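Got two chains here, separate frames each, mind docking them using the hints?
Those protein sequence lines, which keep their order, are chains A and B.
Numbering of the first sequence is given in the numbering used here, commencing with residue 1 and proceeding in unit increments.
Numbering of the second sequence is given in the numbering used here, commencing with residue 1001 and proceeding in unit increments.
Don't read these hints as lab results, they were simulated from the structure.
In this text the structure is predicted, and so the values were computed from the model without any measurement.
Please note: incorrect hints may appear among the correct ones.
When the alpha-carbon atoms are kept at most 35 Å apart in a straight line, the in silico DSBU-like pairs for lysine-lysine are as follows [stated by the list, open to error]:
1. Lys1052(B) to Lys1069(B)
2. Lys1003(B) to Lys80(A)
3. Lys1069(B) to Lys1054(B)
4. Lys1003(B) to Lys1069(B)
5. Lys79(A) to Lys1052(B)
6. Lys1003(B) to Lys1054(B)
Only some residues are given here: those of chain B computed to face chain A with a beta carbon under 7 Å [claimed, not checked]:
7. Phe1046
8. Thr1072
9. Phe1103
Footprint (simulated), chain A over chain B, 3 or more residues, beta carbon under 8 Å [as the list claims (entries may be wrong)]:
10. 1052-1060
11. 1104-1113
For glycine and all other residues, C-beta sits at the position ideal for the given N, C-alpha and C.
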Amino acid sequence: SQTIHQWPATLVQPVGSPLSLECTVEGTSNPNLYWYRQAAGRGLQLLFYSVGIGQISSEVPQNLSASRPQDRQFILSSKKLLLSDSGFYLCAWSAAGGVNQPQHFGDGTRLSIL
Amino acid sequence: LAKTTQPISMDSYEGQEVNITCSHNNIATNDYITWYQQFPSQGPRFIIQGYKTKVTNEVASLFIPADRKSSTLSLPRVSLSDTAVYYCLVGDRLSGGYNKLIFGAGTRLAVHP
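Just chain B, same shape as in the assembly (with noise of 0.2 Å):
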């Protein structure tokens, strides 16, 4: 099973840009990074996905260097709703060749005023 890394917690400040980083050292040469968001009490919402060097969407961007072991989550600018546990996973195969997502305890976001 491929797992991951991250740092239990992390703090910011409203305005600055948020790195976070993964290790996935056992990543599958097919699996895809993914991150996701998540509020106290609500599901996880997915953020980004990427395979390999850079993906950039309207909420972060998504850095993957050339052997794929880690990856890391920019966040661009951060404010107080920011706050929240984010997950990075990577994919794996449940029988029959469908998505799995392992889940480990994420990285817990505060952004200060």
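Chain A on its own, in the form it takes in the complex (with noise of 0.2 Å):
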């Protein structure tokens, strides 16, 4: 069965530094990879996605980066951080083959800014 792994659970940064978070998908080839961002209270916003290695998408322009070096791993990024950058991270699988394939999410990571 296919699994979604993110790390870490919870991370409190100060602004200003940078930011590495990474998301492993096992169980499946060449899926597409997302990464989502969720306010308190509010629903989740697409910020990138990717069809392949290397192959980036950005929905919302941000300080914000990722890469996807390996099929199956994909890692958000920033070189500093600002206040705004706070909130749920979530990374999310499909199949790949088009569209209406259901998106499958990790747990998340908590991101607190200082």
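Laid out in structure tokens, this is it:
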């Protein structure tokens, strides 16, 4: 069966520090991968998606970036965090092969910026 | 962009059937309707997906009328553990035709003893 792992589960970082969140998927090949952010009490906002190694598309301009160095690895990064980067970050995958594939989410990373 | 409208919150009691209705007036011909459940501090969990008429699985049923402008998630005999936020989504297209899900604020379901 397929599984998705995100770490760390919680993270407290000072303003201006760098960020690296990692997500890995097991049990499937060539998945579509996604990074979302969720503000408290709100719905999810899509940040990045990837349909293959090295292929990243951004939905929202910001000081975050994403990379996909391996087929089942997706990384969210920042060089200098802002207070507004606080939130709940979720990684998700869906099967390749087009639209309407359900997305499956990890358990998220709670990021607090001080 | 196809958007959805659903109640902000609902209350129910253990053992009752809960129906959550979602409006999606601008749904595209090829879009499916998908429902997710989210508990606090967890990622959303896929519940059910459908295109038209009725879909049923071990967790819920999804009713979609012929015009597909709305859908109803039905949870039979809810328990306290069904207290969560429920999201109704319709697909949208990212560049290259890949799937994008537009998450609204969802419906907060509270199940009481």
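Each hint, compared with the structure:
no.	hint	result
1	Lys1052(B) to Lys1069(B)	holds (10 Å)
2	Lys1003(B) to Lys80(A)	holds (33 Å)
3	Lys1069(B) to Lys1054(B)	holds (14 Å)
4	Lys1003(B) to Lys1069(B)	holds (11 Å)
5	Lys79(A) to Lys1052(B)	violated (46 Å)
6	Lys1003(B) to Lys1054(B)	holds (21 Å)
7	Phe1046	holds (4 Å)
8	Thr1072	violated (19 Å)
9	Phe1103	holds (4 Å)
10	1052-1060	violated (count 0)
11	1104-1113	holds (count 3)
In the structure shown, a violation is registered for the earlier hints numbered 5, 8 and 10, in ascending order.
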